[in-house]
Every structure is written in structure tokens, then in C-alpha cells.
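So the protein sequences, as listed, match chains A and B.
Those letters in the first sequence? Residues 1 to 320, by the working numbering.
Those letters in the second sequence? Residues 1001 to 1254, by the working numbering.
In case anyone wonders, no lab produced these hints; they're calculated from the structure.
Beta carbons are placed, not taken as given, at the ideal position from N, Cα and C, and that holds for glycine.
Chain B stretches covered by chain A per the calculated footprint, using a threshold of three residues with CB under 8 Å from any CB of chain A: (1) 1065-1076; (2) 1081-1091; (3) 1100-1106; (4) 1110-1122.
Here are the computed lysine to any residue pairs in the SDA-like style, where the Cα-Cα straight-line distance is at most 20 Å: (5) 2/A with 1133/B; (6) 1134/B with 309/A; (7) 107/A with 1054/B; (8) 1134/B with 312/A; (9) 1134/B with 177/A; (10) 1134/B with 308/A; (11) 1134/B with 313/A; (12) 2/A with 1111/B; (13) 107/A with 1090/B.
Each chain, written out:
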Amino acid sequence: MKDMVSIVVFVLAIGTAALFIDSGVTLNFILMALYATLLAQAWNMLGGFGGQFSFGHALFFGSGAYVQAMAQLQGGINAWVALPLAIGGAALVGAFVGALAFRYGLKGSYFALITLAFAEVFRIVALSLPFTGAGVGLMLPLRAAASNLQFGSARGYVLLMLGFVALALSVTAWLRHSRFGAQLQAVRDNEDAARALGIDPLRTKLGACVLSAAFMGAAGAFYVQVFQYIDPSIAFGPTTSVEALLGAIVGGMGTLWGPVLGALALHVLSDLTRNLFGALPGINMVIYGVVLVVIVMFMPRGIAGIGRSVRSLWQGGRRG
Amino acid sequence: MAEPLLEVRELSIAFGGLRAVQNVSFRVPRGSLTALIGPNGAGKTTLFALISGFLRPDHGQVFLDGHDITGHAPHLNARAGMTRTFQIVQPFALQTVRENIAVGAHLHVAGRAAALAEAERVAERVGLASQLDKPAADLTVAGRKRLELARALATRARLLLLDEVLAGLNPQEIGEMIPVVRAIVDDGADDGVTVLMIEHVMQAVMNLAAHVWVLAQGQLIAEGSPAEVTRNPAVIEAYLGPGTAERLRKAHVA
Chain A
1 MKDMVSIVVF VLAIGTAALF IDSGVTLNFI LMALYATLLA QAWNMLGGFG
51 GQFSFGHALF FGSGAYVQAM AQLQGGINAW VALPLAIGGA ALVGAFVGAL
101 AFRYGLKGSY FALITLAFAE VFRIVALSLP FTGAGVGLML PLRAAASNLQ
151 FGSARGYVLL MLGFVALALS VTAWLRHSRF GAQLQAVRDN EDAARALGID
201 PLRTKLGACV LSAAFMGAAG AFYVQVFQYI DPSIAFGPTT SVEALLGAIV
251 GGMGTLWGPV LGALALHVLS DLTRNLFGAL PGINMVIYGV VLVVIVMFMP
301 RGIAGIGRSV RSLWQGGRRG
Chain B
1001 MAEPLLEVRE LSIAFGGLRA VQNVSFRVPR GSLTALIGPN GAGKTTLFAL
1051 ISGFLRPDHG QVFLDGHDIT GHAPHLNARA GMTRTFQIVQ PFALQTVREN
1101 IAVGAHLHVA GRAAALAEAE RVAERVGLAS QLDKPAADLT VAGRKRLELA
1151 RALATRARLL LLDEVLAGLN PQEIGEMIPV VRAIVDDGAD DGVTVLMIEH
1201 VMQAVMNLAA HVWVLAQGQL IAEGSPAEVT RNPAVIEAYL GPGTAERLRK
1251 AHVA
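Just chain A, with the same shape it has in the complex (with noise of 0.2 Å):
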């Protein structure tokens, strides 16, 4: 309850921002937030809550964008009912890997590289076939029509964003209390432990896997939408799948708030250093590795942990 209040403040807050805000630099920075926002939110459903870290997020990223594109190109289907069918696919490739991975037991680092192996066979294939348009990619004729999904200004886009990122808030709000949440973070936790209590494994992780992929689907369709192309090393590439594990691990695995803070810190930094060292390509992702270093040694827990650590201190000071 105390979780649905908090995140009907902050769509109200980011709604009523993006209705009065006029200037594009703004608007386009706080639809770029919200979009690393759902990427870390996809992921700390799986990785967070299910303890199962994917290196290769991207896969269903890819494949809810390409659906999305390859829809609207190739099946002549309207945007908005591309879609579902783009949350759809994504999600039926979280259940086939998923499946795949869990069936056989992988844990740990060995997900990590399955689900990097995938990203890596999807974009191989992307590459080479002619109808996803190989090594060119998508590209999508401009058609700025709210009918069509295509928003003139930033404007539109931030609330459709906004709309997926509440219903991601609301998802992760339902696992803190439900018992399917509580089922999964069982498993994270001790799985053995889980299956002496009733509880099935596979299903319970293909479960958040699906729901996880879906979301990155989402986050793929959109991503064409806005930019009105895709490329199989945008769409596989290991960007996304950084970011997205990113946002999760600096805010805070396993929590409602922590992949919002982490993925805004990181947005953040990224424009940082985008501006001090534009000259050097790639440099962010270099900065995004000893960002990562640093947290995964000294603050486990991301922001989120040390707002809990203050508040402990707070209330032990209290106390004493």
C-alpha cells in the first residue's frame, strides 16, 4: 500500500513535469532517465528479486525491437498493435532461454554467459539475414502521428515512458508482497531451502524471466519508436545489457527505489562525461566498469543501502 502511494506521487510528480516543462534539453533528459529507469527495473525483476544476473538483457531489448520494427515494415501493422506483439516476443524469448538455462541448472556466472551467448547468436543472426535488413538495420519513415506512435515533441514519448515505468514500479511493487515474490526471493536466496518448502524452481525463475523480458521488450519497441531505427549492435550489442544490469546493481538489487536511483546516477554520470571527454568513444562504458568495481566492492547493497544504513544510525542514535 505504503509502496502504490509512493509511486503514484512520483508519476504524478514526472506527469505534471513533463506537462509544464517546455524546454526540450529537459524534457529529452528526463525521457532518457526514464528509459534507463525501465531497462534497470526489467532487470532487478530477474536479477534483483530472482538472484539470476543476466550479462545479455539485451536479448529481449533486441528482439522487442525488432518485432516492433519488422511489424510495422514488413506486416504493414499499426504501431500501437505492434506493441503488445514487440512485449510479446521478447517475453516468448525470456521464456525459451529461460527455459533453456533453468532446465539445466545454470547458475551464477554460467547464466551470466548464457544469456550473453544469446545476445551474441541473436545478433549474428540479425546480422545476416536479409529480413531483419542485416548489417543496415531498420529504419522506420517518419510519420509523427500520435496514431502512429511517432510524438512531434519529447512530450509524448515521456508519458508513454512514464506509463511503461509506473507499470514496471507496480510489477515490483507486486513481488515485494505477493506470495509469488516472496517464492522467488526464497529461491535467491537459498534454493534448496525453497524446494524442501514446496517450491518449484524452474517455474518460479522462468516466471520473473518472462516477465523481466517483457519488460526489456518494451523498452526495445520504444527505443525504435523514438529513434525510428535499429541496428543489430544496438539491438544485441552489450550496451544495453550493461545499463540495464548497471541501473539495478548501483542502486540497489531487490528493492522498489533503487534501480530508479541507479539509473539516474548513471545518466547523470554518462552526460558527465560525455561532455569532459566527448572526444573519447566509449569512454562511458569505461567509466560504467569502475563504477561497477567500486559499488559491487564497497557498497553491496547500491544507494538504496545506504539510505537503510543511515536510517538505521538515525534510529539507533535514537535508541542509545
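Position chain B against the provided structure of chain A, taking the given hints into account.
Same frame as chain A, but now just chain B:
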């Protein structure tokens, strides 16, 4: 004898050349509190793993309530009413005691609030009521053992397989835990829980168990009341080495 709740028939498993469990058969009567004892490495925990489905036997069968459950996955066995605890406690360390127990309760309770409420009731039964909001990682060893028990109880199991719930406790803690275990069987609130325990603490076995099976080197070597098996020469030798029973007898006579 009425139909047993659990029946194990000629169960065997080998790991390479090590025959960890060989041709073990026994029947656990409904509503009883029985124990499985034996020296370290006898195969007791392996036998539990075979019964609960964590390991698949090479030979033999397991029946729960007359149904063949050989090789069924642990989560299916838990749904059928048989839950085990672990010798090395396995808490969900990041979660509170209340949340830990609720995971067990969720086997039959869908609603979150109802599962948390049930967790409180179960905590009461095992003496964890004052620690509900503590993270499981902050519990003492005795607390963690109680938590193992509570989570298993919360699944509303008809048959509990308790793997050394008393190991690592001091005499006072053991004394406090024995009535808790006894109450589980005697309460009859959930129309009778049957308990089969692996236990090293003989004080507890003598106190609690109506019937004892003794496992040594993977084979059942004796059974009977706790008093009977502790007098059994084969059991004494299994624990203390060959020839000990004879020497003890002579010392006694002299």
C-alpha cells in the same frame, strides 16, 4: 499394523564405489515420533535426501501414505505433505524471521497478509515469537534451528523429516528444544504430525523417540526402543569399534 505413513523399501544408492545407502527398508507409523541414529558418515542424511527427493535412488522405492513417490522432486513431496529440514541450516538470510516462515506458509496460503499471520502463529509454537522482525542472519544457532523447524511446520506437513535439529546446541538449549519437538507430534492440532528425526544427541532420542533405527555404513543394523538399541552389541560396536561390546561386558562382570 495400520498402513504406515512412510514406507521405505530396499532403498540403495552408490556414489562411485561408495555404497552410501544399501538395501534399507523400514516403516514409519502414522502419528509417531521415531528416530534414525548412527555414527558419522553412516548415510543418514543421504537416506533423508533419497526419501525427500533431493537424490534419486539407484534401487528401491519410497511410499508416502501408500503412494509411490520414488524419485519425485522435493517440491512435489512437500505439496504431498512431507517436508525436511537441513542439518546445516539454510535460512533465507536476507529476510526476516517472519518472512522466512511465511515462505513455508505460502505453500497453502495464497494471500500475503494471511501467510504472514500464519507465520506468527507458527513462530509462537516454536518459541520464536519475540524474534519475528529480526533478519534470519542475526539469529543464534539455536534460533536458526527453530527457524528451520518453523518453516517446515508452516507448510502444514503431515510428515516432518528433521535432520539434527539439536546439533550444535548447548545442554540448556537442548533442554528447551525437546518439548518443542514433542509438542509438534502431541498437539494434534493439524490432525497429527508424524516426525522422523536424525539425531546424535542421545538424551533427546531417549526422551522423544518411541522407535529407533540404527544405520551404520549404509545399512540398518538394529531397531527397537531407544533402551533396546543402546544395549545392542552391534550398535555399541558400530559406534565404539569392533570388540568394544565384549570388553565392556567383561569389565562389567569383573
